[in-house]
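We have chain C; now place chain L onto it with these hints.
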Amino acid sequence: MSIDVKMAWRNLWRNPRRSILTIAAIAFASLLLVFMLSWQFGSYETMIDSSVRIHTGHLQVQAEGYQDKKSMRLVVSDPAAVGNVLDKNPEVAAYTYRANAFSLVSSKERTYGVIVVGIDPDREAKVSTLKKLIRQGSYLSENETDQALVGELLARNLQIGVGDELVVLGQGRDGSIAATVVTVRGIYRSGMDEFDRSSIQIPLAYFQDVYNMRGAVHEVVVLGKSLKYVPEIKKTVAADIKGIKNKEALVDLDWMELMPGLIEAIKMDLYSGFIFYIILIIVVAFSILNTFLMTIFERTKEFGVLMAIGTTPGRLCKLLMIESTIMTIAGIIAGIILGSLVTWYFQVHGIFISGTSELMRQFGLPERIYPQLSLLSASIGPAAVLVITFLTALYPALKVWRFRPVEAMAGK
Amino acid sequence: MKIFHKTKRIAIFSFLVLFSLGATADIHAQDAAALVDASYDYMRGKTSVSTVVMTIHRPDWERVMTIKGWTQGMEDSIFWITDPPRDKGNGTLKKGREMWTYNPKVNRIIKIPPSMMSQAWMGSDFSNNDLSKAESLIVDYTHTIIGTETHEGKKVYVIKSMPKPEAPVVWGMQKLKIREDYIFLEQGFYDEDLKPVKIMTTLQLRMLGGRLFPGVWKMQKADVENEYTVLEYQDLAFDTKLPDRLFTLSSLKTPIR
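The listed protein sequences correspond, in order, to chains C and L.
Each residue of the first sequence is one higher than the last, beginning at 1 in the numbering used here.
Each residue of the second sequence is one higher than the last, beginning at 1001 in the numbering used here.
If we strip away everything but chain C, and leave its shape as in the complex, we get (with noise of 0.2 Å):
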């Protein structure tokens, strides 16, 4: 050890306590920004992937031009072959086709214009959660004609529960009209407001006899091992759907081009994020400014007897430089460990939040969070810190070249 790190060594422990302060509020904010990071990456994660398991899944193959204009006619005319692509593909989990009809449903006593979706059960229960999100009657099973799924918002607007009649009034493919009466077989929840109270889904068979398809269906729904591989599978898929013919040219989107605006509040929620910490660093680096400063006043004397005696302006620099340093570094790791530690047990039991925003909620939003560390979390934020306490700390320490011993030695 040299001379140097001895003595700055020895001069953080002339002042413990101030010593220790600092370190430890160096080691709270970074203790904060792991967590409040891994926080964030977490509900994004669990945001997109709810959100993508109720209904658009990572990715979908469509006509082109479907996902704007959402015609009737803009179909994918072989579904089959698309499957085929499909089942080849190994990072594929699961795939569903879907088929959307705008319908006048109505009960006894009241109509809405909804979504009518037809699904294939099997298929549908692999890639999204409707099965699971049944709160009342049963999910579709294989073979089954005249049944359907409500919405439970949409339920209550149209004042039926499970075994009553809803009668369907739309369009079909070509253009004929698509009437027919459905019995209600389950009701869902999935939280999402909108998609509770604007679709009800058909046996996909039936559907397309009833608006008159002719096999063909809108959209095949793509759920990826995980979305880490989306990028991936987009890649490779659309690749391979060149060879299919359709009348319009298929195209697959993955879950960022089907929920614009999904990912428009996961910016906006990092950016409010972002200005959050910067105000914590900013607080941080105020604080270490006032610890260093302080210093200064305190040992003028001190430096202007060791300049007297020779010592360098350059050699007192660095020796301030070394014990806010040692000081950063001791609460930087301080705080990523006690944060990894805060992360861990949250990742492990989740956070309840009871009164999630209306925001948060539109996308599916469980109540319980569970935040995700990763490197990338719980190292960014004690990056950051320490360049701006390093920055902070120069100031204090370029201040030591403009002493003169005498006047420094007099207190001056």
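Just so you know, these hints were derived from the structure itself, not from any lab.
Treat each hint with caution, since some may be false.
To be verified - Label pairs and their calculated CB-CB ranges:
1. C/226 with L/1059: 40 to 46 Å
2. L/1154 with C/110: 45 to 51 Å
3. C/290 with L/1193: 55 to 61 Å
4. L/1194 with C/110: 34 to 40 Å
5. L/1224 with C/227: 36 to 42 Å
6. L/1203 with C/163: 52 to 58 Å
7. C/242 with L/1203: 26 to 32 Å
To be verified - Output of the computed footprint for chain C on chain L, the stretches with three or more beta carbons under 8 Å from beta carbons of chain C:
8. 1083-1090
9. 1100-1110
10. 1113-1125
Note that the coordinates shown come from a computational prediction; the quantities given were computed from them, not determined experimentally.
Every residue, glycine too, gets a C-beta built ideally from N, C-alpha and C.
Coordinates of chain L only, in the frame set by chain C:
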């Protein structure tokens, strides 16, 4: 409701402009309103019975339907699809501002909810509102003659129709062209920013139901080429005596052939 608010403002503004123009404008306004009234009477008669072929045209697709319809004054109308066979018997009843639709396959009547009134009727470029609120033009708008043209040697009045304050309408403005013999030549629908949304034109004037009448009505969306709906009259009779029970829900279920 934002839309109402905006239209209201526009309406108030146009009202003020009308006012400041003074007596001459007032007379014009009355003239215009009387002209629209007279034209409506001429085009609809006391009652009418008609058979119309409706063609919905899209760039890659076309659909043809035959519709038989009865109207009484401006309040009541009822129509059924008679062709193609797959859709035969589907009917729509309109009384005042309310509409019902009937489907024979499920044998049910559905009342069209207010939220659906601006949706397309049977997938065409006509909305439910265009059918159910036909009289809205007379009740909810103030009319001003803004110019004249000639058509087949006859004078045509160009009329600007602005919604009255508080009127429950979706359009920011309508522009009409009415010939001096009361034939309706054009109706343009504009949004709150006064941009055209769709335009209906009438073509092929000929003798129908004992009067000169446009044989073809075309509704064209303003922003897309090649997307329109055409109504072509096959048969038309005016002022026949219609049974009272025709415009009821029970008659909607049992089409008159």
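8 Å C-beta test of the region 1100-1110 of chain L against chain C, three or more residues:
Since 6 is at least three, the answer is holds.
For residue 242 of chain C and residue 1203 of chain L, compare the CB-CB distance with the range 26 to 32 Å and indicate the outcome.
Violated - the Cβ-Cβ distance for residue 242 of chain C and residue 1203 of chain L, about 45 Å, lies outside 26 to 32 Å.
Are residue 1194 of chain L and residue 110 of chain C spaced within 34 to 40 Å by their CB atoms?
Roughly 36 Å apart at Cβ, these two residues keep to the hinted range, so it holds.
8 Å C-beta test of the region 1113-1125 of chain L against chain C, three or more residues
Contact hint for the region 1113-1125 of chain L vs chain C: holds, 6 residues under 8 Å.
Whether the CB-CB distance between residue 1154 of chain L and residue 110 of chain C falls inside 45 to 51 Å
Given a distance of about 50 Å, which is inside 45 to 51 Å, the answer is holds.
Holds or violated: 52 to 58 Å for the Cβ distance of residue 1203 of chain L and residue 163 of chain C?
At roughly 53 Å between Cβ atoms, residue 163 of chain C and residue 1203 of chain L fall inside 52 to 58 Å, so the hint holds.
Range first: 40 to 46 Å. Now tell me if the beta carbons of residue 226 of chain C and residue 1059 of chain L are that far apart.
holds, 42 Å
Hint check for residue 1193 of chain L and residue 290 of chain C - Cβ pair distance inside 55 to 61 Å:
Taking Cβ atoms as reference, residue 290 of chain C and residue 1193 of chain L lie about 58 Å apart, which means the hint holds.
Indicate whether the distance between the beta carbons of residue 1224 of chain L and residue 227 of chain C respects the range 36 to 42 Å.
holds, 39 Å
Cβ contact check, 8 Å cutoff: the region 1083-1090 of chain L against chain C, three residues minimum:
holds (count 4)
Checked against the numbered hints above, the structure breaks only hint 7 and satisfies the rest.
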